[in-house]
Amino acid sequence: VKKFLIPLALFFGLVGFLAVGLNRDPREIPSPLVGKPAPAFSLHTLDAAAPMFGPDNMKGKVWMLNVWATWCVACREEHPVLVAFSKANQLPIVGLSYKEVQPQDQPAGRQFTPEEKLKLARERSALWLKRHGDPYALSVLDLDGRVGIDYGVYGVPETYVIDKEGVIRYKRVGVVTPDLLQSTILPLVQKLNAS
Amino acid sequence: MKLNAQCLKMMAVLAFTMMSLSTPLQAKEAALLAEDPVVETRLIHISEELRCLVCQNESLASSRAELANDLREEVRKLIRADKSDAQIKEYLVTRYGDFVLYRPEVKPLTWVLWFGPFLLLLLGVTGMVMYLRQRQSDGPAKQNLSDEDRRKVQEILKSGDAS
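First to last, the protein sequences are chains A and B.
197 is the number that this note's numbering gives the last residue of the first sequence; the numbers go up by one with no jumps.
185 is the number that this note's numbering gives the last residue of the second sequence; the numbers go up by one with no jumps.
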């Protein structure tokens, strides 16, 4: 064996590791929630006349939970994809409006009451959905981000696929792309619907 | 003119004294503003071991991200509910995964992480020892000089001295 080949092989090994490491998205953290029941919640929806909504209402259906907010910039990229997807009626998409009213939205020196927050969140979200299209069967309002914590949300948008038994089957952190829908989400939904 | 200069000097001294006095006063105020100090101490202790998920190289204790704020509030609630440190960490791990822990649990999945560096060190040391031993056993044979060589060396050294 030629001796100069040893450092060369080590070098290429290192390059290999770096190539794999650099092509990974450090923001993508495997969620411990996949395979676990979707955490329960009971939240107001955008429709003031509608009753509170929780994951139990979707028992027996395969559905998608999409975390969004009108202040979320990446959601603007994702939104048209979801609107187009919802027209195909593959599965119901439930929106989770995450912390719609931010602390800096409040008037100086005063905190919003929960009622004010709810009202403002409804107004803003409805207006935004009217302007950009509404892919959601309904949208619940997680005003203080408590439900977001239970779902391990750390960056909006996030998307979950939940099966008929209410178990989380898939989680996506970041923008859902048409490619991702076709290659991963749709096959999974079809499989879950069949079972 | 002279009076004016002295006046300025006095004012500077006064300003400096006030500034140096006001800093500890402010610190005291901030400490008072914080809620239950026992809870806060525990919060800092726990959250230093937790990673902020938004800015991944910051601890939950030092991050100013909004999510970190929310999570600190959540940890405060758990502390007030008399949960143990282990229970609080478990609470966050079930939601965000092992990634939130700066010191992940030792389990089969994290063995490579915990023991990998030591394994690499062991491999390196073994390789080095093997290499050195080989060189040592090869070495003397190569260094064996014939009497002729020694004589030449002496000659060269001597001629070096002369010049």
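Simulated from the structure, these hints should not be mistaken for lab results.
Fair warning: this is a prediction, and the values are worked out from it, not measured in the lab.
Among these hints, one or two may not hold up.
[What the hints assert, rightly or not] Listed next, the in silico DMTMM-like pairs over lysine to aspartate or glutamate satisfying Cα-Cα at most 20 Å (straight line):
| hint | chain 1 | residue 1 | chain 2 | residue 2 |
| --- | --- | --- | --- | --- |
| 1 | A | K5 | B | D160 |
| 2 | A | K119 | A | D107 |
| 3 | B | K99 | B | E88 |
| 4 | B | K111 | B | E70 |
| 5 | A | K119 | A | D146 |
| 6 | A | K119 | B | D160 |
| 7 | A | K4 | B | D160 |
| 8 | B | K105 | A | D136 |
| 9 | B | K99 | A | D152 |
| 10 | B | K129 | B | E71 |
| 11 | B | K129 | B | D104 |
| 12 | A | K121 | A | D136 |
| 13 | B | K180 | B | E170 |
| 14 | B | K111 | B | D92 |
| 15 | B | K111 | A | D152 |
| 16 | B | K105 | B | E88 |
| 17 | A | K193 | A | D181 |
| 18 | A | K38 | B | D120 |
| 19 | A | K38 | B | E112 |
| 20 | A | K121 | A | D152 |
| 21 | B | K99 | B | D58 |
| 22 | B | K99 | B | E70 |
| 23 | A | K119 | B | D92 |
| 24 | B | K174 | B | D160 |
| 25 | B | K99 | A | D146 |
Hint by hint, which ones does this structure get wrong, listed from lowest number up?
-> Structure breaks hints 6, 8, 11, 16, 20, 24.
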